[in-house]
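Both chains are given apart, each in its own frame, so use the hints to dock them into the complex.
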Amino acid sequence: MSLLIAQGVSKSFGGLKAVQGFALELPERGLYGLIGPNGAGKTTVFNLLTGVYRPDEGTVKLAGRELTRLRPNRIAGEGLARTFQNIRLFGELSVIDNLKVACHLRCPHGMPAAVLRLAGHRAQERALAERCGRLLEMFGLASRAHEQARNLPYGDQRRLEIARAIATGPKVLLLDEPAAGMNPQEKKELRTLIRSVRDTFGLAVLLIEHDMGVVMDLCERITVLDYGKVIAHGPPEQVQKDPKVIEAYLGAPAA
Amino acid sequence: MNGRAWKNMASSDANLLSLITASRPGAAPTLLRSALPVVVIVALAVMAQVVLKGLLGGYYADLAITIGVNIVLAVSLTIVNGFTGQFSMGHAGFLAVGGYVSGAVTYYFSLTQWGSAAAAGGRLSGMPLSTEGLAWLGAGDVLFPVALLIGGLVSALLGLAVGLPSLRLRGDYLAIVTLGFGEIIRVVIQQSGPALKTPEAAEQAGVLGMATGLGGALGFGGLPKYTSLFWVVLFAGLTMLVAYRIKTSTSGRAMLSVREDEIAAEAMGVNTTRTKVWAFVIAAFFAGIAGGLYAHKLGVALGPVDAGFQRSFDIIIMVVLGGLGSISGAALAAVVVTMLPEYLRAVADYRMIIFALALILMMILRPKGLLGVREVWDADLWRGLFRRGKSAKGGGK
Ligand SMILES: Nc1ncnc2c1ncn2[C@@H]1O[C@H](COP(=O)(O)OP(=O)(O)O)[C@@H](O)[C@H]1O
Ligand SMILES: [Mg+2]
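For the protein sequence lines, the chains are A and B, in the order given.
Under the working numbering, the first residue of the first sequence carries the number 126, and numbering increases by one thereafter.
Under the working numbering, the first residue of the second sequence carries the number 66, and numbering increases by one thereafter.
Just chain B, same shape as in the assembly (with noise of 0.2 Å):
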């Protein structure tokens, strides 16, 4: 390039970077483009409830349900294990923790207002057979989204207090700590009382008394059964519109540049402490949410072990399989995952050797799991696929 050219460029460059710094918005209104996308999830999650409902029948309805909660949980793991390459062992920590705060509130709530801990709410929510002169909403799905947000909510703050000691410091603090985390949280959850099971019995323990109530080793049974084909594939559609946004702003490439070197992460102007941590809260947050959809699904018993370190796994699971910072990947992990050990008995009775298998072929095959970086849609994705042999011969330094 001749100098001339390069002076002309060099001097804008000034302009453009303030054009960076001050980035006023331009006249277009945006309200549709930033919308559009969650108008299209509502649609899909109300089709999914009504139409999609009937054609799957009750087991695959159910079988659906569970493949959107794991998808929730994949999907916000890898903010935390494939943006920012942290290696969180607890996520299951915190989908108790969720579950439990969303489903005191739904239970206790329901016991003490309306008399009957049971589901109070219209056709997009629960799984009823019949729906039959129901209307859309009921008053429960008011409660049970609110209850949700709070479950998340809670659950994202247990995400700050452990996240902002372990993440300060480089290196994998951050595995052990929330291995301790998981297993802090079901010990905790077994200490905790019976179920309340009366409103009189609950007016009179207060709101102590019913914060403590969770039932113990015994699981919290008797939780109102809101959740749905409908709030699944909201709250899938959701997380995972939400973790696309964060890995195509400045904010996801930060994380994604902690991860590939801290060092020059640093170097280069990221605050990597509050990348990693703002990246482990918003996993705690919607991990927390997938708590409260497993929580108040019809035939859950929760209990102490679903904050166990097994549960943990089978989400570690999904995202390394997906590969590490994929939101696509992880998705399709978490179907496969989830649906795999329905069909072959085998890889129900053997689970653990068999995902662990996989997992250690992976990292010899494909460290960087199926899809590493990339989603299914990008175009280079496909053309590595196609071109591999010549690809593994050129990248080879």
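Here chain A stands alone, though its shape is the one from the complex (with noise of 0.2 Å):
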């Protein structure tokens, strides 16, 4: 059975169908893609997946458990983790700071323990400097480990949002158009990272991104969006010889 599954998931806002009939099964270790021209809905179908948008209809399952009704820190709970378009990094918080703030599910020992210093918290504290260190060692962060995030450079930004998104634990990663802003040396190890990423911890990854040369590379299958609506799903060369594709990428034959 597929790791996530969603069935008919649709959402409107006021009369603007901005997500109709959504579907998608998402094997775990698959690496999907997920394009569309802009203003298709593909990130508002994250915004479904993740629980910042209730769907009007349709269900979502992860690992067999319902997830439709709950609240978005539930969901990553559950482990489905999300990067944002538009960089959402804890801007004034320390670089490691921002990975320990994604740990938070899994952190046993709360305020009365942190407020006395009990010897939980601080074993808790110790086992999440690790282990955010390392993380940041994984992703090339290390040496800003302390400094605000909102000064790093923007494509470390990008990694560090990947790397906040791994430290919640998660067993799907949600990117949402990771490689926008980046030059080509940067896409280029951006796709090794997200290729890495998948292999080593594991997850499976659906990914949105506007650079073709990027999904057509990574991406085991593809599922277009367009209005609202899939045109089309099925591997990279199906398509992307799928006339319905072609059209709503390249606009209508002259009309």
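Hints listed in this document are in silico derivations from the structure and should not be mistaken for laboratory results.
Keep in mind it's a predicted model, so treat the numbers as computed, not measured.
Be aware that a few hints might be false.
[Unchecked claim] Incomplete in silico selection of chain A near chain B, CB under 8 Å:
(1) Asp222
(2) Ala227
(3) Glu255
[What the hints assert, rightly or not] Incomplete in silico selection of chain B near chain A, CB under 8 Å:
(4) Leu84
(5) Ile85
(6) Ile311
(7) Ser316
(8) Glu325
(9) Ala329
(10) Ala332
All residues carry an ideal CB built from backbone N, CA and C; glycine is no exception.
Below, the structure written as structure tokens:
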């Protein structure tokens, strides 16, 4: 059975049907793409999957568990993590604290232990520092651990967002245009990074991306959205040749 | 980084994650490290009363107490306005609740049980001119902290009642609700009956009569004056310690993340409503304690105005000037904002105008306050200050 299953997910904003009958089956360790022209509803799909918006209809399941009515923090707890199209780091916090926040769900010792500085709190802080430090090393951010996140260069901010999502310990990772604004060299490194993340952490990844080079190279299967509807789904070669997809991207043949 | 190293690190990540989940305390004894700061604070508090009081003399000792009370207020508000970024405008409401509740407890307990509302403290409480022949602590020195605690707890409960409905929503509801809350408390206090003067009158009125005999518009006079440099330094120290320990913990980082980006915080698993409500309740608790300290201070006549917006505004000023999220910044600002009017008549006469102007200037020049989220002892604060020119260029995007 697939890890992440969405069925008939729909959402309207007023009269605008932003997403209609969205369906997806993402298997374990799958690396799938979600593409479509601007305003097609891709980000809205992510917001529906992660509980930022409640679907008007449809269901979302992760590893057999129903996510549809849960709040975003609970959904994160079930193992669905994401990045944002417009970077949403905790800018005033240090780079490593950004990751520590993302470990929040896994921390058994709360406020009383912290105020009394109980041994459990100390052990937790040590474990947090070690794990988050290690993650920063993996993402090449270790030297910047104690800088404020907002002072990082753009490419580093994008990578930190991915690292932060990983820090939640997810089963599925949703990446919203991670290559946006990157130069060709950075894009190349990002490709390697995404593949490594999938392979080494054993995650399933769903990727929204405009750069066709990145998408076609990375993704095993691609879902194409246009005006909120899935117009094609399949392996890259097949989707690339689909006349409906070509039409969506190039505009209707002179009408 | 090469592929194999990556693989090794990633596979050990599951182990590291389980280390967090389990977080078993090590063998090393930690009581010392948890308790040491508390011991230091108690020692400082005793020294303040025994040594500092004499050195300062009556006027400055009195000013120091006011500063201490304001530090508790400013640091507690920092937990809400600074850590979670929610704007509470009725902090004085909690001050008044704590003041009146603890005041009613000490006043009526002393009156009915001891026959007089006068303070029954020792050398560490009150501000006796001569301590000759006094014990270190009196019976009243048990009553007083218990009363403060009750005042803080009632205040915290009200904080829960106010915070729960208004913090569930995103946006500025809290500002409006807390503004209203302060006014409601003020009006309710105004409606209370006169304070009962004799043990007989108190006995006759019963608990309900005592609870509503809070002096009304005239103020709650005649409270026993327990507040001393000892109690103030003790509670200011404890408030700062608790705030600091929260800030540098999972819960505190969750609060800061809510302030930075609520949507991202939720997506990372932070229960934002719970985080905000906890911050608000803790802040209300300490504001209640501050209110109790204030109510029992010599020369203070606790009155309905103490719940009013003017008072809340003063506390907001301290938090904003000090830096939204900086504990030491808020404490420093409390010192400055308390002392300025004492030294500059002009500041005293036009305080609202001057502080409002300072606030506007601050918003323009340093929107995050003097220290921002950082503390005076953070190294990167000083590096940042010395490299202003350079970093202003780099941080421009
Ligand atoms: N919160 C919202 N309120 C109203 N309209 C929205 C909202 N979020 C998205 N939309 C609309 O939904 C459509 C899809 O947006 P989006 O999912 O961001 O597209 P994409 O990510 O594919 O570029 C757009 O027309 C957008 O204006
Ligand atoms: Mg988008």
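Okay, the hints, checked on the actual structure:
no.: 1; hint: Asp222; result: holds (6 Å)
no.: 2; hint: Ala227; result: holds (4 Å)
no.: 3; hint: Glu255; result: holds (6 Å)
no.: 4; hint: Leu84; result: holds (4 Å)
no.: 5; hint: Ile85; result: holds (4 Å)
no.: 6; hint: Ile311; result: holds (6 Å)
no.: 7; hint: Ser316; result: holds (5 Å)
no.: 8; hint: Glu325; result: holds (4 Å)
no.: 9; hint: Ala329; result: holds (4 Å)
no.: 10; hint: Ala332; result: holds (5 Å)
When each numbered hint is compared with the structure, no violation occurs for any of them.
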